[in-house]
Amino acid sequence: MNPMTSTTRHSKAWLQSLCLLICGFAFQSTYATTEPPQSVGYQVAQDVLLVTVEKEQLAALNDLAFSDYSLQAVSNNTLQPVPYQFDERNIHGTVFVPGAGIPIVGVENIFDAQDQLVFMLHDAGQALSQEQKSNTEANIVAEIEITHGNHTTYAYVVKGSDLRSPLNYAEFIEEKSLFKTDHWSMQASPDNLLEWTDFFYESAPANLTLLDVMKLRIVAKVFFTVTITNDNVVASIQGVKHGPVRDIVQLKAKVTIAGIPFLDLDVGLEVTPHYLGIPANAHIPLAAAAIKSPVIKISLDFANMPGAKSRSALGSKREAIADRKMDAHEKDISVDNENSWLAINSQKGFDMLAFIESTKGDGIELGAFYDDSKAINKPERFPGSGPELGYTIDKLPAGDDINFRIDLIYTSGFWDNNNPEEFAKAMKDAPVIAVH
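Final position of the sequence shown in this note's numbering is 439; the numbers increase by one with none missing.
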């Protein structure tokens, strides 16, 4: 045997082993640091969620006028302006709308009290390196680190920059009574913004409304059972706040039943790119004690959705199918105060997830219902329910104040093999904020 050949072979074998060992370590290191893939629910949520940064978290702006501050994020390796807004709070804990008659908490246009910096999670980007921070001309006063699930991104508060994003994600066009965003639009009655009619979504068939009407009904007993509908609950616009991330419309309505004052209602409509938030605060006069067993029912009666699938947090895992008849398991649609999501998959490129919550009002009970039939059920534009999905608010305390909030989240693709639970979990999992 040629000793040179043997040595060469051993050398080659040794080199191959060394290469395999190095590659193995490299693979293990890469594998260990790679983020695990996120579920469909979390991926969709990260395109939908708003980020809200509280005053306590953003100390650099405390008690300062926020007009001189803006938000930027890394895009294509450079800082670029992104849509943002500063939202202040009123005494009800909802977004303050100038001129709407509900007093502000704190001082207007000063970052104090319960104020928030608001932007879209999907607009945040990668972190700036130390070298990039040293080379940027931006006067960065705060780095905001946002973690949702296993996904971490960054945004930067900048002082003194004139750069602003031209994007405007959502708006309420008052002269048309039209809600319009990058992804959905909805028409309301010019006489009553609580009467919703046509609803369109970007990935659903064009010019096909997915909504018959929004139904607001109050069922109660005085001397006999009375049902009050949208026609009897007329909401007047008190003010509108416009912003590039969300518009807020403040409404007021009074409800009487058989001549007895029942509700003095302040309602907000928060128009965002992917959802409509509805915070409501109500005073129930003592005189309302004469009204027995009042129940508020708020629902969406959908249209053009044969075969639509619906689920609820506490109901059957078997989907309710829109076929103009009620099966036994479809009567099990159910929620409570802690588990409140409702979900619908239109089969037409549109999904909706809804939540309801209440933080004021002793003994209030939250519930849900589903209807799918050919029977006439007014108010409606198209006969029957197509299907109808909504919430009930029961055990209302006379002489007390109550609040509730409903969020209607409009998107597509979260259903993921009959698993809306994962999207509901992702939407309730608030982004974790760290400010540096």
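Read the hints as simulated data drawn from the structure, not as lab findings.
Be aware that one or more of the hints could be misleading.
25 Å max Cα-Cα, derived DMTMM-like pairs, lysine to aspartate or glutamate [what the hints assert, rightly or not]:
#, residue 1, residue 2
1, Lys428, Asp326
2, Lys300, Glu140
3, Lys351, Asp397
4, Lys363, Asp267
5, Lys183, Asp234
6, Lys351, Glu205
7, Lys377, Asp365
8, Lys377, Glu148
9, Lys428, Asp410
10, Lys136, Glu148
Each pair of labels, with its calculated beta carbon distance range [what the hints assert, rightly or not]:
#, residue 1, residue 2, range
11, Thr362, Lys320, 24 to 30 Å
12, Ile379, Thr81, 56 to 62 Å
13, Ala331, Val298, 45 to 51 Å
14, Asn153, Lys363, 46 to 52 Å
15, Pro40, Gly366, 21 to 27 Å
16, Ala261, Gln350, 41 to 47 Å
17, Pro309, Pro288, 43 to 49 Å
Note that CB positions come from ideal geometry on N, CA and C, so glycine has one too.
For each hint, the structure was consulted:
1. Lys428 x Asp326: violated, 29 Å
2. Lys300 x Glu140: Between Lys300 and Glu140 the Cα gap is close to 55 Å, so the pair fails against 25 Å, i.e. violated.
3. Lys351 x Asp397: Outside the cut-off at roughly 33 Å; violated.
4. Lys363 x Asp267: holds, 15 Å
5. Lys183 x Asp234: Cα-Cα ~24 Å, so holds.
6. Lys351 x Glu205: Cα-Cα ~11 Å, so holds.
7. Lys377 x Asp365: Violated, at roughly 38 Å.
8. Lys377 x Glu148: violated, 51 Å
9. Lys428 x Asp410: Within the cut-off at roughly 14 Å; holds.
10. Lys136 x Glu148: OK: Lys136 and Glu148 at ~15 Å, within 25 Å.
11. Thr362 x Lys320: 24 to 30 Å: Since Thr362 and Lys320 have Cβ atoms about 29 Å apart, the given range 24 to 30 Å holds.
12. Ile379 x Thr81: 56 to 62 Å: holds, 59 Å
13. Ala331 x Val298: 45 to 51 Å: Cβ of Ala331 to Cβ of Val298: about 23 Å, so the range 45 to 51 Å is violated.
14. Asn153 x Lys363: 46 to 52 Å: violated, 35 Å
15. Pro40 x Gly366: 21 to 27 Å: The hint (21 to 27 Å, Cβ to Cβ) is violated, given that Pro40 and Gly366 are roughly 44 Å apart.
16. Ala261 x Gln350: 41 to 47 Å: holds, 43 Å
17. Pro309 x Pro288: 43 to 49 Å: holds, 44 Å
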